[in-house]
Structures are given as C-alpha cells and as structure tokens.
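Chemist: For the protein sequence lines, the chains are A and B, in the order given. The numbers in my numbering rise by one with no breaks, and the one at position 373 of the first sequence is 373. The numbers in my numbering rise by one with no breaks, and the one at position 303 of the second sequence is 1303.
I should point out that these hints are in silico values taken from the structure, not numbers from a laboratory. A quick note: this is a predicted structure, and the numbers were derived from the prediction, not measured. A virtual CB, placed ideally from N, CA and C, is assigned to each residue, including glycine. Hints may contain errors.
[Unchecked claim] Label-pair restraints from in silico Cβ distances:
(1) A:V373 with B:E1159: 47 to 55 Å
(2) A:V174 with B:G1084: 35 to 43 Å
(3) A:G78 with B:P1112: 29 to 37 Å
(4) B:L1064 with A:N253: 41 to 49 Å
(5) B:G1084 with A:V278: 13 to 21 Å
[Said to hold, decoys possible] Calculated pairs, DSSO-like style, for lysine-lysine (alpha carbon to alpha carbon, straight line, at most 30 Å):
(6) B:K1271 with A:K325
(7) A:K317 with B:K1132
(8) B:K1204 with B:K1003
(9) B:K1204 with A:K277
(10) A:K317 with B:K1292
(11) B:K1145 with B:K1024
(12) B:K1271 with A:K348
(13) B:K1186 with A:K370
(14) B:K1004 with B:K1024
(15) B:K1186 with B:K1244
(16) B:K1292 with A:K348
(17) A:K325 with B:K1004
(18) B:K1244 with A:K79
(19) B:K1233 with A:K317
(20) B:K1292 with B:K1365
(21) B:K1244 with B:K1233
(22) B:K1101 with B:K1244
(23) B:K1132 with A:K277
(24) A:K317 with B:K1024
(25) A:K51 with A:K232
(26) A:K79 with B:K1101
(27) A:K320 with B:K1365
(28) B:K1004 with B:K1132
(29) B:K1271 with A:K320
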Amino acid sequence: MKDVMGLIYTGENDIHLGELTSQRAVAALPIAGRYRVIDFQLSSMVHSGIKNVGIITQKNYSSLMDHIGSGREWDLHGKQGLVILPPFLTRENMGVYSGLLDALKSNTNFLRLSTQEYIVLTNSHTVYNVDFSDALRAHIEREADVTMLYTRGPKAMGTEGENDTYLSVNDAGVVTGMEIGSAVPTRDCASLKIYITRRELLRQLVEQGAANGLHDFDRDILQRNINEGNLKVYGYEYKGLACQIDSIQSYFNFNMSLLRGDVRRQLFPADLPVYTKVRDDLPARYVADSQCSNSLVANGCVIEGTVINSVLFRGVKVAKNAVVKNSIVMQDAQIQEGAEVDHCILDKQSVIRRNGRLIAPAAYPIVIAKNVVI
Amino acid sequence: MRKKKCVAMLLAGGQGSRLGILTKSVAKPAVPYGGKYRIIDFPLSNCTNSGIDVVGVLTQYRPLELNAYIGSGSPWDLDLANGGVFVLPPYQTGKTGEWYKGTANAIYQNIPFIAQWDPDYVLVLSGDHIYKMDYNAMLQAHIAKDADLTIAVREVPWEEAPRFGILNTDSDNRITEFEEKPAKPKSNKASMGVYIFSWSKMRKYLEEDEANPKSDNDFGKNIIPMMLAEQQKLYTYTFDGYWKDVGTIESLWEANMDLLEMPMPIDLYDKRWRIYARTSGMPPHYIDEGAKVVNSLITEGCDVRGVVTHSVLFAGVLADTGSEITDAVIMPGAVIERGAVVRRAIVAENAHICAGAIIGEETGKIAVVGPKATIGPGEKVAAGVQVDADEQ
C-alpha cells in the first residue's frame, strides 16, 4: 500500500455556476453524461493507490453524501476508506469556512489521526483523470516541501479567473513566484490546486497559519513562504486534460468538448476508469423514428425524437417529434412530444412539456433548475 | 450464523453445450444478455428482490469468469455480514471427492452448507432463463399448502408441451404425475426448474437418493418420482410472466430481440424490480454525425459511426463508419470495422470483424462469431456457421 492519503475540499466559491449549484456543491454537479465532478478527483486518488480519503464538505452536502455512500463504487469502503468531514460548530469553530485554510484548520484532527506520510490535497471543481504516482515520486525524489500540479498555457482551463493561481516555475521545477486572481496573468503555469506534501508539514502549516489569523491557503501560506524562501515548493506539470468547472459557460463548454473523440480519449483512457454511483439502468433505447447525431447518450435513455450535438445523462426521455440540440440534459429529465430545446442545460428531473420551446443564444445557455416543469 | 427461513441454491455447473462456441470458455450463466446483463443477473436479482439473501451458486464447468463476475456479490446487494452469495465448487472430503454427478447430487454435496443456515425451506434455481419472478410469493403458496415440494410451472401452448417436463395435477394443483417430454401430454403445465422444498424432506430424499447407486441423482428423473411414489405433498405454482429459455443460440438471439419490442415484453424499466448487474464503468456511448440508430439498445462505452438497426450493442462496441448491423447481438468490446455487414448474428465478446466482412444472412440460422475471433477483411460467415477463435 502506498504511504499517501487524500483530502478533497468541496467548499469553494461557486457563484458563477448560478442555479446549477444553488442546491448542491460543485463536487456533486452532474457532468460528462453519467458522473459527478467529484468522481474524477476520487477516481484519480484511487488510481494512485490512495485508500484513505477525507472529503471536507461545506454546504448542501446531502446530495454529495447520497452520491458517495459508503465509497464502495470507488473501492473506498475498506478499513480506512472514505471519511466525510461535514462542518461542525464548536466554541472556536463557526462551521462556515472562509477558505481552504479555514477548512483544514477545522479538520486537523483528521490529519493528526491519519497515519500516512504523504497527502494529496485537492479542490473539487477541477476535472482531470490522472494517476498521481509520478508526481508523488517526483515530490519524494526532489525532497520538496510542497509540490503543486499545474498545466501550461494561457487560460489553460477556460475559467472565470477570479481565484485562479498562476505560477512561475524555473528550469529546475522550483516555483519562484505566484500570482493569484489577476485579470491578466503574466505567468503561464496555471495551478490545478492539487498539492502534494507531508501530512505532518501540512498540519503544522495550517496550525501556524490559523494561529496568525490567516485564511487563504494559496496567499497566506504558499505565496508568503515562497516569497520568503521558507519552503521548497516545486511545480509538476500535468500534461493531460484538465478543466475548471467554475461558471455556467465553462460547465457547458467542457461537456460539449466531450463530443470530440480526442477529448474523450484523453479524459477516459482505458486504463484509468472513472468510477461513479451505479444506477442499474438498462441500455439506451432508440425507437424506429429517432435521430441522433454527434451526441453522448447514457444508459436508461429512451430516444424517440431528435438529438443533435448534445450530452444526455442517465434516464433522459426524448419523446416523439421533440428536438434536443446543443444541450446538456441531466438525469431523468424529459423533453415531451413536439418540444424543442437549443443551447439549454436541463437539470435533473426537469420537464419540458409538449410543444415547449427553449432556444438560447450560443453564448448564453439557459439553465432550467432541478425538478422545474416548463 | 443466524437462522434463515429460506436459502437459494443456484445450479450453475452445466456446460450449456447447445450454446456452442459461446459457452466454450464460460459457464452458461455467465453468457452476456440484453446489452449489459449476464444470464445469472436474473435469478440473483430475483433473489434479492424476493428478500432471499443467502444464495449458493454451484459451479463446476469453466467457473473462472462466473466467479470473477459474482465477486463479493455487491452488485446484487449480496455482500452481507450474515448471508450473501457463495460460490460452491465440488470439493474433496477425507479420501473421497467427486464432481457433481447430477442436479440432486450437487445439492446433496452441499447439505453442510445449507444446514449451517438452519433453513425451513430451500429454493432451487437454474441459470438458464430470463424472467422476473417473486420467489417469496411462491414460498408463501408453498407454506399455505403445507407442501413438501412446490414446482413453478408455466402453462405452455399444448403443441409445445411435448418438449417439456409436464406436471399433471388435480383440481387443487396437487401433482399426481410427472412426465418428461410426453408424446401425448395430459397437461400443459411445464416445469420451470424452479423448486421450493421443505428442508427436512429435501434432506431426507437427497440422502435416500444418494444411497441408491443406480440413481442418476437428478431432481426430475429421481427425486420428484420418488416423492410422488411415497405420497408426499407436491404442488405446482403457476407463473405467468415473461419466461424465456436461453439455452440455444437461436433462443438467446430471440430473447435479445424481444427487448426491442414495444412495449418490452419483460419490463426492465420497473424500478421496484430492478435487474442488477456488474457494470462496465464506461462513459456514455457516442453516436457520430452520419450514424443511424434505429430500434436498438445501445450500451455505455459504444462508439457508433455506422448504421445500427434492430440490434443490441453491449458495452464498448465500436461500429465504425459505413458498417451495417441489422438484427444482431454484438457483445462487449467487439469491433465492427468500416463497411462490414452483420445480419442475424451474434458477435461475441472482443471479436473483431474487419473491413468489408459479411457476417450472417438475411434469412436462415444465426451466425456466430466466437469470443476473440477475427474475421478478415472481406471474408464471409454464412448463416448458421460458428467461428471459433482457437480453430483459426
């Protein structure tokens, strides 16, 4: 067994995801036709041989807990397995985290009681599928204090940018500077907010930071220590596909990008399956007069109408003469007879009634909230 | 172990030789069906849904894939602290040890397994059929009649009755006679091979049968006639839902085609009676621009670029540009290359149909391409032919 544990923070700012996250954490947001965002972080940890994973939750974590259950689908139902760390109220702790550092401070007990030497710490809104083993090996070989995974390229992840962290990484791989939340970043290495460090070191940094009244992990801990030269912080370039899901547009674009075979192959290589909750739907059913083109369709769908350039999650029904174009349709939503949607995101169990029409401009997809009937 | 009211024993050891190349390397219950299932998912899910949570699976023939598929039993909620699914191969005791000689002997050899649950009843199942059945309703009927053995039956068309084991009953459904494949049937009640025994009686008759060296140790041939001869209380229980034998290539193909009927003759959408399966874990399937899918079932992980009509595609199938798949069953991981044509055929797991090959014909018997077999570019496989990867 590898001497490494995982910790996922799911309390990040999701203001630009609007309606999509009004009732759930980003981690629990349905994505890619049959997954939730957290499936990618969890599966990546499992691929890396991690057996002990903590998930720090903040708001509306019931849908997240329902999804994860005992962790069985990720093979995380073992002796160590999966620990959900909900917010709690004590005299020192209000249960509302103002950032990752705050959240870690509330959960230092989990860090203390875990036994692994190393820890992979991630956020919950970046989609990737990776085995962290190589990055961990580099971390150990370089005797780094902290290793930050990054991807290269301007606006690498097509995001809002408010909380993005960009790094300067020199030829030796050392992170020499950080830039956080700038509108026009001058550095080209985008942090994936995946950190590898020693469990004990993380605990010390968190406790010191909290003692000094600090809140922001990137700014107050990493940036400060890099500038003062107190920590050996290395960068590790991740060359695969990564996308930050932090706005309706980035959510829409990411799902649509999966209609491209090269993107699908990058995100779903045969040797790195992405695990998710099993639903026991039967295969998708196409009837005699259905039409489908350039679309991803999950099990349990029944297609009687027309589906073009769209992503259909499990159990979606597209009735006769209904048209679904350029849209993302989440679990068990229904598009009834003669209805038409274009550039829409239909949340779970939403219903577009007979002959309803919802046509949005490409640049601004309409979101129909969960359970809404139009 | 805590006492269980009813324990299920699933006979999964037969070769299923009538499925030809499809059961050359796997036991029949592990044969894929319906896009995402294997045959054994039906009896296992029926057990879970009926509240029966101890299932012994008796394996003998090619058990490797079946064992791996069952695993801990978690897909069927049968990974339990007190109960669950248990794979029971034949084993040695002292200086002796033998294969399962017959259906009754297979259960006889596992009397210690059953006894440890101290059950009142034992349900005997086979892994040959596609059906959704509430075994608990049958158990309640068994209890209400204070029966020693209850046999599930279907009322088959009279002209088909001579193909089945037929049970003749009185007006109270008490069995008076059992006839295996009678030329002139007196009843149309065909045995489904689903039995509920009261455990004490079952044990007694299994032990008596085993002591008879001339016995074939078979439920139909030996145990049932012996119980009838001794005036035991044997009743039928009529099941009238969808029930399909998938013991031959043709019937397996037909059972898959049945799922393309509207409405589906076996309702697999029923959320109160789910059929569970171990899943492939693949992403949703992709339908390309220019592809056409008509009246078909397509499973996760498929990549459809050709024309698929009235067919069932299992997980991870590639149907490349210009391929034409009609009235076919394409099992997991098979590749149908550009311009290949597949008609009235079963293409087994990980088979590879190269560009321009033609499998099957518009009429006639079902063509079968065996697991991992490759059909070269432009080659033809005629109706009724089975292609074996090992003989290539």
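Chemist: Each hint: holds or not?
Modeler: Here's how the hints hold up against the structure:
1. A:V373 with B:E1159: 47 to 55 Å: 52 Å, holds
2. A:V174 with B:G1084: 35 to 43 Å: 53 Å, violated
3. A:G78 with B:P1112: 29 to 37 Å: 31 Å, holds
4. B:L1064 with A:N253: 41 to 49 Å: Between L1064 (chain B) and N253 (chain A), where Cβ atoms are some 45 Å apart, the hint holds.
5. B:G1084 with A:V278: 13 to 21 Å: At roughly 18 Å between Cβ atoms, V278 (chain A) and G1084 (chain B) fall inside 13 to 21 Å, so the hint holds.
6. B:K1271 with A:K325: 29 Å, holds
7. A:K317 with B:K1132: It holds: about 24 Å lies between the C-alpha atoms, which stays within 30 Å.
8. B:K1204 with B:K1003: 20 Å, holds
9. B:K1204 with A:K277: 46 Å, violated
10. A:K317 with B:K1292: 18 Å, holds
11. B:K1145 with B:K1024: 43 Å, violated
12. B:K1271 with A:K348: Distance ~17 Å between K1271 (chain B) and K348 (chain A) Cα, so the pair holds.
13. B:K1186 with A:K370: Violated, at roughly 59 Å.
14. B:K1004 with B:K1024: 36 Å, violated
15. B:K1186 with B:K1244: 23 Å, holds
16. B:K1292 with A:K348: 27 Å, holds
17. A:K325 with B:K1004: Violated: K325 (chain A) and K1004 (chain B) sit about 54 Å apart, past 30 Å.
18. B:K1244 with A:K79: 43 Å, violated
19. B:K1233 with A:K317: Not satisfied, since the Cα-Cα distance of roughly 50 Å exceeds 30 Å.
20. B:K1292 with B:K1365: Status holds; Cα separation ~26 Å.
21. B:K1244 with B:K1233: Holds, at about 28 Å.
22. B:K1101 with B:K1244: With Cα atoms ~26 Å apart, K1101 (chain B) and K1244 (chain B) stay inside 30 Å; holds.
23. B:K1132 with A:K277: At roughly 24 Å apart (the allowed maximum being 30 Å), K277 (chain A) and K1132 (chain B) satisfy the hint.
24. A:K317 with B:K1024: 39 Å, violated
25. A:K51 with A:K232: 27 Å, holds
26. A:K79 with B:K1101: The hint is violated at about 42 Å.
27. A:K320 with B:K1365: 35 Å, violated
28. B:K1004 with B:K1132: 23 Å, holds
29. B:K1271 with A:K320: This hinted pair holds, its Cα atoms lying about 23 Å apart.
Going down the numbered hints, you'll see the structure goes against 2, 9, 11, 13, 14, 17, 18, 19, 24, 26 and 27, while the others check out.
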